[in-house]
Amino acid sequence: MADISLPKITATATAAAGPSARPLIQIESVSLYYGASQALKTISLPLAEKVVTAFIGPSGCGKSTLLRCLNRMNDLIDNVRIEGSIRIGGHDIYDRDVDVIELRKRVGMVFQKSNPFPKSIYENVAYGLRLHGLRNPAALDEAVEKSLQQSALWEEVKDRLHSSALGLSGGQQQRLCIARAIAIRPEIILMDEPASALDPIATARIEELILDLKKDFTIVIVTHNMQQAARISDQTAFFYIGELVEFGPTGRIFTNPTQKRTEDYVTGRFG
Amino acid sequence: MENYFEAGIENLRQQLLLMASHAETAVNESVEALTQRNYDLAVRVKSDDDVIDRFEIEIDELAIQLLTKAPLASNLRLVTVAMKISQNLERIGDEATKIAKRARDLSQEPALKINLDLPRMAFLALSMVKDALDSFVQRDSAAARAIIPRDKEVDALNRHIQEQITQHMMTNTDAIVRCLQWIVAAKSLERIADHAKNIAEEVVYLCDAQDIRHGQKN
Amino acid sequence: MNTLTPSQYLPETPPGRHFRAEKFDVGSFFFSGLTGLATLFILAILGVILTNIILNGWSALSWHFVSTIPKKDFFDAATTGVLPMIVGTTIRVFVMTIFVIPVGVITAIYLTEYAPNTSIITRVIRAAVNNLAGVPSIVFGLFGLGFFIHFIGKNLDTLLHHPSAVWGQPALIWAALTLAIMTLPVVIVATEESLKAIPPGLREASLALGATKLETILRIVLPQALPGILTGGILAVSRAAGEVAPILFTGVAYYMASLPSRLSDQFMDLGYHVFVLSTQSPNIDQTRPLLYATVLVLLILTLALNIVAILIRARVRKKMRALG
Chain A
3 MADISLPKIT ATATAAAGPS ARPLIQIESV SLYYGASQAL KTISLPLAEK
53 VVTAFIGPSG CGKSTLLRCL NRMNDLIDNV RIEGSIRIGG HDIYDRDVDV
103 IELRKRVGMV FQKSNPFPKS IYENVAYGLR LHGLRNPAAL DEAVEKSLQQ
153 SALWEEVKDR LHSSALGLSG GQQQRLCIAR AIAIRPEIIL MDEPASALDP
203 IATARIEELI LDLKKDFTIV IVTHNMQQAA RISDQTAFFY IGELVEFGPT
253 GRIFTNPTQK RTEDYVTGRF G
Chain B
812 MENYFEAGIE NLRQQLLLMA SHAETAVNES VEALTQRNYD LAVRVKSDDD
862 VIDRFEIEID ELAIQLLTKA PLASNLRLVT VAMKISQNLE RIGDEATKIA
912 KRARDLSQEP ALKINLDLPR MAFLALSMVK DALDSFVQRD SAAARAIIPR
962 DKEVDALNRH IQEQITQHMM TNTDAIVRCL QWIVAAKSLE RIADHAKNIA
1012 EEVVYLCDAQ DIRHGQKN
Chain C
1383 MNTLTPSQYL PETPPGRHFR AEKFDVGSFF FSGLTGLATL FILAILGVIL
1433 TNIILNGWSA LSWHFVSTIP KKDFFDAATT GVLPMIVGTT IRVFVMTIFV
1483 IPVGVITAIY LTEYAPNTSI ITRVIRAAVN NLAGVPSIVF GLFGLGFFIH
1533 FIGKNLDTLL HHPSAVWGQP ALIWAALTLA IMTLPVVIVA TEESLKAIPP
1583 GLREASLALG ATKLETILRI VLPQALPGIL TGGILAVSRA AGEVAPILFT
1633 GVAYYMASLP SRLSDQFMDL GYHVFVLSTQ SPNIDQTRPL LYATVLVLLI
1683 LTLALNIVAI LIRARVRKKM RALG
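In order, the protein sequence lines correspond to chains A, B and C. According to my numbering, the first sequence is numbered sequentially starting from 3. According to my numbering, the second sequence is numbered sequentially starting from 812. According to my numbering, the third sequence is numbered sequentially starting from 1383.
Okay, chain A solo, but in the shape it has when bound (with noise of 0.2 angstroms):
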């Protein structure tokens, strides 16, 4: 089996599965300002290896900003500055040293409206390998395989591999999104509301996919609808207008969550 070995970020190694275990993502402290008005308040927060972890609150709470400096894309938007660090199995990812690329190799990003290239859908999963250097025919198509086999995606789409990506219905699209990013085997997926622009059974089926990845990837997934937080996640956070208003197990913030503000966003008192 051909195994795409990628350079790691790190000399560390991540500690052993499990939330009990070293965090695989420990952030601290960090606070983020667009100009002057800050977007998150001294967020700190512990996420564990291989545990799909949500992100839950009211729009413009900051959930999406979090999830998307785990990546620094918010490097991409002028006039950001964070404060406080972010580590990845250890190493601060806004050290100096850090090579963004680098980075986005092993955090993979899934976003709300899926964004396929207007490629074959082979040469959509193939995308990330050929840009870090795969090329190799038959090692391609493995991984290629590989990856739309544990999306979810293969038996539906084998027979079509070098046809437009854009002729699936959109929730296909939204799984090889899904194969797409993990075709170069990243260690953790930021999932930002997969699933709310499908329809219900196609929801259902990125659910269990997610449940399915978990095995191998660390998820990390921002979502405005309380019932898929409580359907496939281990972990909650519930954020509020910036700031981390909870954290624990996904079982015990809905049925009997600690801050008031909590009980009254997840009975739906407000937002």
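Calculated directly from the structure, the hints in this document are not laboratory data. If you're wondering where the values come from, they're calculated on a predicted model, not measured in any experiment. Some hints here could point you the wrong way.
For lysine-lysine, the following BS3-like pairs were computed, each having C-alpha atoms within a straight-line distance of at most 27 angstroms [claimed, not checked]: (1) LYS1595/C <-> LYS115/A; (2) LYS912/B <-> LYS941/B; (3) LYS115/A <-> LYS1578/C.
The hints should help you fit chains B and C onto chain A, whose structure is shown.
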């Protein structure tokens, strides 16, 4: 704009309270019929049991409908607790009916010459029911917790009364049928106290999210 | 219920006439009539012009006409031809394209993808591009003369130790460059529009996979923008083929005995030839068919160049639609 879901939750609470007041009344009246040997009252209690049964069905239906809307946190606990409390209330209603039936039959027979401490046991059971329902209305988990140990006293009284009656049966064979009626009535009171304790445990779960049934301590 | 209850807010509908048009809508009819007439009017004008040209020039148009290198006497219908003009026009447009497309595309990429929106420099560049579009063609010709020929060309000759002027005089390359500068705004704008039309989600997706900005532009953005860039090219070609003023001082010649073979050669041009024929003619009636025939050839050539470019763009579009 009205919150339809909140209105549904509030409706569920109201229905539960209505059912509770019917059950409480049934217990009060059945005990009164028994101790006052009131035939008419006993008959009325028995026929009223239908109302309590229908309440249980309606509350369960309401709860299921609310569950489809995926309630969370305190709302979720309320819905599940409501289904359990309504079941306990329905059983209380059944036990009150049993007491009423015994009261009806006994009122047609000459009174037993025995000094039973049944009024005290009835008082304890009745106050447990009342306090449990009050703690639900007030959402007072401390009051609910205080009810739990009182069940032991009711159990002890029940055993004592049974001994008394058994003694009497052995020496007054012509009173055996009436004695057995009394034993059944006492048993029903003891069950009513049990159900009141269950309701108190559900109230603790509703308020504190703690499951203290079967002696669990979180 | 058989009838619909009438709305409280709208005027009363007479019973039995639900959903049927109440009265003849004069406004709509008038407006669609007007737009139809405008279209017909434009088509009519075009038709008149073309008919005029064809009727007048058809007699002189022949295979001999388009394949002969004429003698110095342009007005002899039997011996004259426009082959060098066809070649000259085509080559200068072709060379222009080679310069204008890369420069225009790179400028557009800079403006769209790299330049910070609020910076002064960006605004200056944008203003410059817009103003460039409004400069009269003759000014470009003078610019080409002064900058390319007198400055660059002369100095190039000095550097290369040419005894006599090779680059410091009117030449194909200078004419093509002048035209390139003139059509630059067209290409820049067309490219920018097609770049802006690409949803930002695609760029984000590429960057999130670990691509650099450059890789994203080369692998995703540019291929997607190709039809738009080709459209810009088509517009540039159409404009440049018919322009005479910019080439007046920078490369066109009254008469060349042979076809242009080097970038430093001068060339003949269809548009310029029309000018020559109409101003230098001894007998206007005799010359008229030649004149119109030249115009017709220019039109056909422009059309042909356009069709080639459109076909290329259509193939690119088809390829993009079918697969990746």
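Any of the earlier hints contradicted here, and which numbers?
-> Violated: none.
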